[in-house]
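Q: Sequence:
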Amino acid sequence: MNPKSHLRLALSITGVALAALGQPSKLCADTFQPLNTPASTEHHQGKLVWADLFTSDPEGATKFYCDLLGWTATTVDQKGKPYTVFSNDGRPVAGLAPHSAASAKHLSKWIGYLAVDDINVSVAAAQKDGAVVHAPVRKFPDRGHQAIIGDIEGVPVGLLQSSSGDSADTEPRTGDWNWFEIYVRSPKSVANFYKDALNYDVTEDNRGNTKNEYMLASGGLNRGGIAQVPDGDDVRPSWLGVIRVTDLDLMLTRVAGLGGTVLVQPRSVEFGSRFAIILDPTGGTVGLVQYLDDANPANAKTP
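Counting in this note's numbering, the sequence shown runs from 1 upward without gaps.
Keep in mind the hints are simulated off the structure, nothing from the lab. Each residue gets a CB set at the ideal place from its N, CA and C atoms; glycine is no exception. Heads up, a few of these hints could be off.
Claimed, not checked - Taking lysine-lysine pairs in the BS3-like style, the calculated list, with each CA pair at most 27 Å apart, reads: (1) 139 to 81; (2) 195 to 139; (3) 188 to 128; (4) 63 to 81; (5) 79 to 128.
Said to hold, decoys possible - Pair ranges (Cβ atoms, derived): (6) 120 to 192: 21 to 27 Å; (7) 59 to 91: 20 to 26 Å; (8) 77 to 195: 38 to 44 Å; (9) 220 to 63: 36 to 42 Å.
Let the hints inform the model, and build the full structure from the sequences given.
A: See below:
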C-alpha cells in the first residue's frame, strides 16, 4: 500500500462522529491538576498544551500509552465517572475519558487543546467565523477555562486558558506534544479561519517534499500545519497530534508488540525529522516524530 493509501486509512479511522466524544462539562471540577507546577507567567497563544483521548477501552488505552511512551497514569473520580491523567516525567500532558454507554461502539479519538489568552474572546471570534461550539466554556479549578469548538470543516479542537500559565517555549521533552496537523478539504479557507479566530500567523509551505500546505505560527514559532485531506468519501477532515520520541524505530517496534498498528511507515520530512502515524489498539491515532540533530520544526523561526 502506498503512503497516500496509508494516510487515507489513518484519517478515515480518526473521523469519528463528534457525538461520541462525551462532554467535558460533565467532569468534576475539583479533581484537575494544574498544567504547570510551579505556576508559569508565560502565555503562548496557539501552542498545543493538552490532549484528551475519548475511548471505550480505558484500560487498554492506558496500558498502551504508558508502556509505549513511559507515561504514568492517575485515575480520579469525577461525579462517579473516572478520568485518567497522563503525566510525562511528572508533568500532566494528556487525559483520558471513557465514552458514554451510548457511544461505546465508537473508536477512540484524540482532541488537542490549543492555548488561548482569553477563552471567551477566542470562542466568540471562532463562532463569528463559522465555528460551532460543542462544549461551552467551563471553569475547572486548578486547570483553568476550557471549551471545544468545531472549525469550519467540522474538525473538533479544544481551547484552554490555563490558570497556571503555559509551559516555556523551549525544546519539548521526549513524550511531550509539540506539533499538530489538520487535514481538511480546503486548506486555504481553514488557514484563514485559524488566522482570524485564533490569531495565528499563516504562511504557505512551499518547501519540497512536504505534506503541509500552510503553517500556523505564533510567538515567532511554528505550531502546526494544515494539509489537503486525501480524496475519498470515507475520509473526513481530522486533527492529528504529534508526540516527540527519541528513537522512532524502537517506538514502532513497541507499537506492534503492544497490539497497535503502524499506519504510515517512517519517512523523512521537513527540518530533517522522521515521522510516522500509529493506530493504538482502541482505534486512536497519533503521530510520532524523531528530530535529527535537534531539527525541530517547532523551534524554527518564522520568516
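Q: It remains to establish, for every hint, whether it holds in the given structure.
A: Each hint tested on the structure:
1. 139 to 81: holds (18 Å)
2. 195 to 139: Roughly 25 Å between the alpha carbons, so the hint for residue 195 and residue 139 holds.
3. 188 to 128: With a Cα-Cα distance of about 18 Å, the restraint between residue 188 and residue 128 holds, given a limit of 27 Å.
4. 63 to 81: Roughly 19 Å separates the two Cα atoms, so the pair holds.
5. 79 to 128: violated (34 Å)
6. 120 to 192: 21 to 27 Å: holds (22 Å)
7. 59 to 91: 20 to 26 Å: holds (23 Å)
8. 77 to 195: 38 to 44 Å: Given about 41 Å between the Cβ atoms, the range holds.
9. 220 to 63: 36 to 42 Å: Holds: the Cβ-Cβ distance is about 39 Å, inside 36 to 42 Å.
Checked against the numbered hints above, the structure violates only hint 5.
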